[in-house]
Amino acid sequence: MQMHLGFVDYSIIVIYFAFVLGIGFWLRSHMKTSEDFFLSGRSIPGWVTGLAFMSANLGALEVLGYAANAAKYGAVVTHFYWLGAIPAMCFVGVFMMPFYYGSKARSVPEFLRLRYDEKTRTLNAFGFAILTLLVSGIDLYAMALLFQQLLHWPFFASVVAAATVVAAYILLGGLTSSIYNEVLQFFLIVFGFLPMTVLGLKAVGGFLGLNRNLESVAAAAGHPAGFYNHVWANLGHASNNALGVNWIEMTLGLGFVLSFGYWCTDFLVVQRALAAKDAAAAERTPLIAAVPKMLFPALVILPGLVAIGFSEVSGGFGTPPNYNLALPLMLQRFYPSGLLGIGMTALLASFMSGMAGNVTAFNTVWTYDIYQTHINPGKPDQHYLLMGRVATIVAVVAGVLTAFIVLYFNNLMDYLQALFSIFNAPLFATFLLGMFWKRTTGHGAFWGLLCGLVGSSTHYVLYRTDVIHYYSPMGANFFQAMWAFGIGVVVTVAVTLMTKPRPESELVGLVYSLTPRPELAHLPWYERPGMIALGVLGLCLILNIIFW
Amino acid sequence: MAAIGSLDIRWPIGFIFTIYGVILLAFGGLTNQGVVELPGGALNVDLIWGGGFLVFGLLMGWMARRASRRP
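Sequences listed follow chains A and B, in order.
Each residue of the first sequence is one higher than the one before, starting from 1 at the first, in my numbering.
Each residue of the second sequence is one higher than the one before, starting from 1 at the first, in my numbering.
One or more hints might be untrue.
Claimed, not checked - A few chain A residues that face chain B, going by a derived Cβ cut-off under 7 Å, partial list only:
{"no.": "1", "residue": "ILE23"}
{"no.": "2", "residue": "LYS202"}
{"no.": "3", "residue": "GLY206"}
{"no.": "4", "residue": "GLY486"}
Treat the hints as calculated values from the structure; they're not laboratory data.
We treat Cβ as the ideally placed atom computed from N, Cα and C, and that holds for glycine.
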């Protein structure tokens, strides 16, 4: 397919780039110490870090990818926004943020050093650095591919141009620049995609019309009538839905291990909360983020569903169907010149901030947890600030290179979940035991994490070489996550029981049972993290029932 | 927001949404290219949504200004 951008659309895109760089210049004079650069000087209000917490995760895959997944699998992919995010976001806000923020750790690996020891931290730092570099290419790849297909922009030139802009604004304004751009991007995506949902629903005759269309498409493809339009109803058996998983795998694999592993331990998102101005703002960060996260399926999944139920658009998927075109096809059908520029800007914004999130997380972990700890300790702060800028350039260049690795995978969501299940799932065992079982030792954590990583990578190799079989790659990822977590728990507990625990006095503020609860009585009920979390969970439950 | 002084994120958001609102309103109002065909008839979405952008941009700017005037 081919899209035509007019002068007004290009102007809108150019204005966006000018603003993004302008924010960097505006913040430049405030980047005086490494804490300013890596942690925004812990000075940002909760609503800003909350929106950034959500947006850092809102890369190419969330926007382009979920419209594509909805067109391919139907409404069942909403689980990645609800079950796969909301409970974990509430948990990290209420139970984990008090430790993270209260311990004054500058990164997730640094928290592991405080709770356990140096070797556990180093293992996690290297694992996270590799994961981040492998993930950061996804956004570049998706963006360049999209613009090559739609506008015939050259692939390599798009990759380099977007990478240069991202590098420039991070070099100028550090994490603050990244967070501010994430918030700007959040509003651009909401305002940029809302017309698609509204116009799309209007064109198919509202929810009733959409349901009828989905039922007739399912019937034409030989599926049961409700194949595309349910969130839970088709999860009885893995063969009943296109995703190839059942409700147990969905709940334990995605809802528990993968989701908690990502939202609770991935420094990419946790870093946003650590930049908050005080502990209460840090705790509210994931809870504030959970509200838009829960409503986002309306912006990214609904248009994908409209696209399948809408023959004028779905005819354009081609044979074999290229579902990644779901969102571009909707843009083409419903966005005239002017609004099209806004839509393309929203897409560009999501790619760039998705990548920027990875880069800022990488440069912090590299500088504090690897460089300052092992390579060159004891230098003045300015030295590490400079190293952070060097690491930014390295991460961006590495992102460009990984964009070419991603070329060899045919499904971006499978690639991403495979990486998360290998790296994040075992780490969740390390955290869960460390925070809630005071006896857990550093040796236990290290060996548990290492065996979990080896176990999940082995499982991945066995699956890719056809030794083990599943209904679908996603089913394989869910099982991989459960295995990694299980191995992590068993090995950590076993080694812990054979080694000597640390005295309780050293663990105050790091373990749940040894940390005094924050005094909340003076806060009105709607500012207490527990109450906000209950409200969010209740709303999510209602949505699940409505779209059952 | 004392520690980051004048760096209130609502300023740039307010500016960019106001500019986009004006561009969409002008383009939708002066040309007939901002129209999308729907079953219920044609709709000038640039004109309608340009208004949405402008209102949101001005609201953000107003909030930033109000916050900066508080002691």
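ask   = Minimum Cβ distance from LYS202/A to chain B below 7 Å?
value = holds, 6 Å
*asked:* Does GLY486/A hold up as a contact with chain B if the rule is Cβ-Cβ below 7 Å?
replied: Hint violated; GLY486/A Cβ to chain B Cβ min 43 Å, cut 7 Å.
Legend entry - Status of the ILE23/A interface restraint (C-beta, 7 Å, chain B): Because about 6 Å separates ILE23/A from the closest Cβ in chain B, which is inside the 7 Å limit, the hint holds.
- Hint check: 7 Å Cβ-Cβ cutoff, GLY206/A to chain B: Result: violated, 11 Å to nearest chain B Cβ.
Hints 3, 4 from the list above are not met by this structure, while the remaining hints are.
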